[in-house]
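Chemist: Residues per chain are reported as follows:
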Amino acid sequence: MEILNIEGAEDTPKIILDKNNGIFEISGRSLPEDSAEFYRPVLEWLRSYAKVANPTMDFVIKLEYFNTASSKLILDVLSTLEDIKGTTIQWYHHEDDEDMEDAGKEFSELVEISFEFKTY
Amino acid sequence: MKFIYDLHQSMKTNNVVLVYEGDFTQTTTKSILSMAERNLESSGEESGIKKRIFNVMVEALQNIVKHSDEIQEGENKHHAAIFLIGNEQCRYSIMSGNPIRNENIPTLRKSLEKINGLDKEGLKELYKEIIKNTTISEKGGAGLGFVDMARKSGEKLEWSFVDVDSEFSFFCLKVNISRTKE
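As given, the protein sequences belong to chains A and B, one line each in that order.
Going by my numbering, the first residue of the first sequence is number 871, and it counts up by one from there.
Going by my numbering, the first residue of the second sequence is number 4, and it counts up by one from there.
Bound-form chain A, shown alone:
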């Protein structure tokens, strides 16, 4: 599968989805003007990946900040991952960012995927 590599910007996150090297990561800030449009390629990539998935996938979400429109799309990403066996979400939050930790916990209550919480 082709690698999906999106460079981060001040209002959009860095995204790497690389099946061969087992790297799946969303990091940075997410407050795009059009969140549905921004996350569309991510959702499409994951739907294709689902058909040829690796036995396990550690999906890293390491966001410093996301807006509410992105939170809906993050839930869409998680819902897509829900159907892929062997998926674990590694939810990172800055050690003094309780709100981001809580946000991860709320997402974990909304989908049936195992979450590991980590600090950076």
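Careful, some of the hints might be misleading.
What the hints assert, rightly or not - Derived CB-CB ranges, DEER-like:
hint: 1; chain 1: B; residue 1: K135; chain 2: A; residue 2: E965; range: 37 to 47 Å
hint: 2; chain 1: A; residue 1: D928; chain 2: B; residue 2: S50; range: 46 to 56 Å
hint: 3; chain 1: A; residue 1: E968; chain 2: B; residue 2: S46; range: 48 to 58 Å
hint: 4; chain 1: A; residue 1: E968; chain 2: B; residue 2: L111; range: 22 to 32 Å
hint: 5; chain 1: B; residue 1: S37; chain 2: A; residue 2: D888; range: 25 to 35 Å
hint: 6; chain 1: B; residue 1: R182; chain 2: A; residue 2: E979; range: 41 to 51 Å
hint: 7; chain 1: B; residue 1: R104; chain 2: A; residue 2: I886; range: 42 to 52 Å
hint: 8; chain 1: A; residue 1: E968; chain 2: B; residue 2: T28; range: 31 to 41 Å
hint: 9; chain 1: B; residue 1: G120; chain 2: A; residue 2: D969; range: 14 to 24 Å
What the hints assert, rightly or not - Partner residues are not named here, just some residues of chain B that face chain A (Cβ under 8 Å, in silico):
hint: 10; residue: P102
hint: 11; residue: I134
hint: 12; residue: G144
hint: 13; residue: L147
Claimed, not checked - Rough simulated footprint, nothing fancy, chain B against chain A, three-plus residues with beta-carbon under 8 Å:
hint: 14; region: 903–913
hint: 15; region: 933–941
Worth flagging that the hints you see were computed from the coordinates, not collected in a lab.
What you are looking at is a predicted structure, and each value in this text was computed from that prediction instead of being measured.
The beta carbon of each residue, even a glycine, is placed where N, CA and C say it ideally should be.
Given the structure of chain A, go ahead and fit chain B onto it with the hints provided.
Modeler: Just chain B, lined up with the frame of chain A:
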């Protein structure tokens, strides 16, 4: 030219540290955010509070970009809105004002009243209920902005509709963020 001095005095009296008036786009949103972020960075404010201020600013600014109704003046359409940050001794305030068509007021009022009627747990439940069921609107919103602002604030949202004319009102919003930890 006295209005310049008056405006300056009025900002000082009302503890306003930043005002932006004019057209709001994603580009202006980014500029205002980075400016406010630099100011907060140099203020030495606690990082949790900085994050909350940033959070509420993003939602308030993107609300204006996405939802402010356009006023037609002659040939010109414009989003004549205003965004302010207040810095008082014990709290920050994120304030915004934008035109709203009178027919859109009842829906907004109802949603704000509902949010202000909820406690912390109630807001969390409402957030989860909306995020599960919402789809991104044509305007690009998830319908979560005010709930999120109320959660980050921890206080009630302050709001009012000021009459402009038979077609429009001006929607004023104030979101407080306490400087002391809960």
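Chemist: Indicate, hint by hint, whether the structure satisfies it.
Modeler: These are the hints, each one checked on the structure:
In this structure, B/K135 and A/E965 break the distance hint of 37 to 47 Å, their C-beta atoms being roughly 30 Å apart. Roughly 27 Å separates the CB atoms of A/D928 and B/S50, a value that falls outside the hinted 46 to 56 Å. In this structure, A/E968 and B/S46 break the distance hint of 48 to 58 Å, their C-beta atoms being roughly 21 Å apart. In this structure, A/E968 and B/L111 meet the distance hint of 22 to 32 Å, their C-beta atoms being roughly 30 Å apart.
Between B/S37 and A/D888, the C-beta spacing of about 31 Å keeps the proposed range 25 to 35 Å intact. Taking 41 to 51 Å as the suggested C-beta distance range, the pair B/R182 and A/E979 does not conform, at roughly 30 Å. Distance hint check for B/R104 and A/I886: the Cβ-Cβ separation is about 44 Å, which falls inside the suggested range of 42 to 52 Å. At roughly 32 Å, the beta carbons of A/E968 and B/T28 sit within the given window of 31 to 41 Å.
Remark: the range hint 14 to 24 Å for B/G120 to A/D969 is upheld by a beta-carbon distance near 23 Å. Against a cut-off of 8 Å between C-beta atoms, the interface hint on B/P102 is violated, since the closest Cβ of chain A lies about 21 Å away. For the restraint placing B/I134 at the interface with chain A, the shortest Cβ-Cβ distance is roughly 6 Å, inside the 8 Å limit, so the hint holds. Residue-level restraint check for B/G144 holds (minimum Cβ-Cβ distance to chain A is 6 Å; threshold 8 Å).
Of the supplied interface hints, the one on B/L147 holds, with its beta-carbon coming within about 4 Å of a beta-carbon of chain A, less than 8 Å. Using a Cβ-Cβ cut-off of 8 Å, 4 residues of the region 903–913 of chain A lie near chain B, which meets the minimum of three, so the contact claim holds. Against chain B, the region 933–941 of chain A contributes 5 residues with a C-beta closer than 8 Å to a partner C-beta. That satisfies the three-residue criterion, and the hint holds.
Going down the numbered hints, you'll see the structure goes against 1, 2, 3, 6 and 10, while the others check out.
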